[in-house]
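A.B. asks: For reference, the chains in residue letters:
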Amino acid sequence: MGLFLYHDGQETTYEQLINDINKQTLLKRYVKKSDPYEILKDIVVSLVAEERIILLDSDFTEEEVKNLGLSVEELNEEVVLKKDKISSCDELLAKIQKSDNRWEIVLYTSGTTGRPKRVAHKLDSITRGTKVSEKYRENVWAFAYNPTHFAGLQVFFQAFYNQNPMIYIFDVNRKEVENVLRRYNVTHISATPTFYRSILPYIREVVPSVERATMGGEKYDKNLEAQLLKVFPNADVRNVYASTEAGSIFSAKGDIFSISPRIADKVRFAEDGELLIHKSLLGESDTFQLDEDWYRTGDIVEMIDESHFKFVSRKTEMINIGGYKVNPHEVEDEIKKIDGVVDVIVKARSNRITGNILVAEVKINDGIDKREKEKEITKILEKRLQSWKIPRIFTFVDNIELTRTGKKVRK
Amino acid sequence: MDVEEKVKQIINIILEKHGMSPLNSLEYNISMRNDLGMDSLDLAELTVRIEDEFGVDIFEDGMVDTVQQILDKINKR
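Those protein sequences? They're chains Y and X, same order as listed. For the first sequence, this note's numbering begins at 1 and goes up steadily by one. For the second sequence, this note's numbering begins at 412 and goes up steadily by one.
No lab work stands behind these hints: they were computed from the structure. What you were told as hints is all true, and nothing was included just to trick you.
No more than 20 angstroms apart at the CA atoms, straight line, and that leaves these computed lysine to aspartate or glutamate pairs for DMTMM-like:
1. K230/Y <-> D472/X
2. K373/Y <-> D398/Y
3. K222/Y <-> E471/X
4. K219/Y <-> E471/X
5. K428/X <-> E376/Y
6. K347/Y <-> E462/X
7. K428/X <-> E372/Y
8. K370/Y <-> E464/X
9. K347/Y <-> D463/X
10. K379/Y <-> D450/X
11. K219/Y <-> D472/X
12. K230/Y <-> E471/X
13. K222/Y <-> D468/X
14. K428/X <-> D59/Y
15. K325/Y <-> D450/X
16. K373/Y <-> E427/X
17. K419/X <-> D483/X
18. K383/Y <-> E427/X
19. K379/Y <-> E427/X
20. K375/Y <-> E427/X
21. K370/Y <-> D463/X
Simulated coverage check for chain Y against chain X, where a stretch passes if three residues somewhere in it have a Cβ under 8 angstroms from a Cβ of chain X:
22. 346-353
23. 376-388
Don't be surprised by glycine CBs; every beta carbon is placed ideally from N, CA and C.
Could you build the full structure based on these sequences and the hints that come with them?
C.D. replies: Laid out in structure tokens, this is it:
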């Protein structure tokens with residue numbers, strides 16, 4: 001049996017994975033770990049035992065976990081596993097893929113109303129886009145997403161179902177990326193534009209083994225596509241549209257997405273151009289706001305013809321920071337709790353590295369030292385929010401600009 | 412204040428957030444990523460602060476990484 005995962009100098013084979021699964025007798029239902037092997041192994045264990053599993057980002061602060069509304073008892077819940085011993089990879093996959101798997105995976109994603117929302121997926125919704133055949137058997141995947149996020153899970157299932165090796169390059173030293181891509185002859189990479197931009201300066205020579213480079217989660221960047229083709233000359237570069245609610249649904253060459261006939265009746269466009277997706281394509285969540293049976297994506301698109309469209313803009317206030325969507329209200333709520341802060345508005349500032357960063361305009365009580373306050377706010381937020389949710393630049397203002405309806409202006 | 416002093420100040424604001432000691436002098440061959448350990452968010456902040464100060468988008472046509480490359484972009488404006 002071949003390699004399952006390479007991470008930080010460590011190789012783990014599918015055989016070791018199976019041994020570890022066979023040995024494991026307890027599972028913490030809430031997974032909040034940083035080691036990618038541990039996370040992926042727990043997912044496989046939960047699949048084998050048909051137990052529900054909940055993934056939390058390892059860098060969630062205590063405050064963020066508290067805001068999810070979870071109790072300490074829930075977070076520490078341990079399940080005694082009932083499962084049969086597994087002897088081969090084929091047996092493992094056959095067991096997992098059998099039709100009535102009761103398994104469910106829960107993810108938390110930035111909600112549009114302030115608090116992260118909970119989205120549950122069954123095996124069939126999370127593997128809808130997974131392709132399995134002999135053709136994919138020799139693929140080698142670079143793993144370039146957070147494994148607790150939907151995009152990471154999609155890469156995982158694609159690789160796992162075809163028994164492909166995964167080479168973890170998500171949060172490793174950028175200087176080593178070129179080496180590992182070359183050493184393992186990586187054939188497939190899927191990542192955000194921000195991730196590609198962060199590794200490109202370190203790729204000195206072409207990596208001919210890459211056959212497919214997919215980017216998604218952020219605005220399409222034509223210039224980046226050209227740069228990718230320079231270092232991956234044999235790659236087919238694709239752009240995908242994916243969301244935590246529905247997973248990867250559309251794929252594009254360039255910026256024109258096509259709607260496959262398979263889902264044509266599950267996609268609609270509202271009068272203002274908003275993309276609507278039928279609920280049958282979604283995971284389950286109490287917090288989805290459905291319009292009859294349709295989910296409003298918040299993405300405004302432009303139709304090219306019946307089966308092709310382009311993205312134009314976002315309707316919601318969510319801000320995309322390098323592929324992570326942040327709700328500015330969540331950040332504002334945390335800043336407002338800080339002593340001396342009267343009011344705040346959090347906005348996006350665009351840039352060519354991460355698409356956007358957060359900046360905040362803050363009104364504070366008179367007589368407070370602004371530079372000191374900025375440091376203090378940043379320090380407090382570091383304990384309460386994941387790093388990409390923390391505004392990078394603070395401006396202190398006398399008044400927060402309001403519109404006539406009294407709503408803050410978030411330009 | 413001259414350009415170099417201002418660029419040093421901007422870099423130091425970011426270093427301070429990571430608890431790193433500030434640069435006393437600006438050496439031209441210092442790499443933002445390799446020597447100062449800046450990640451994508453740090454570089455994004457750097458480029459926005461430089462744009463606010465000098466009106467130049469230093470990443471407009473490709474990647475820059477060293478102090479010299481940043482100064483070149485600013486001085487070309």
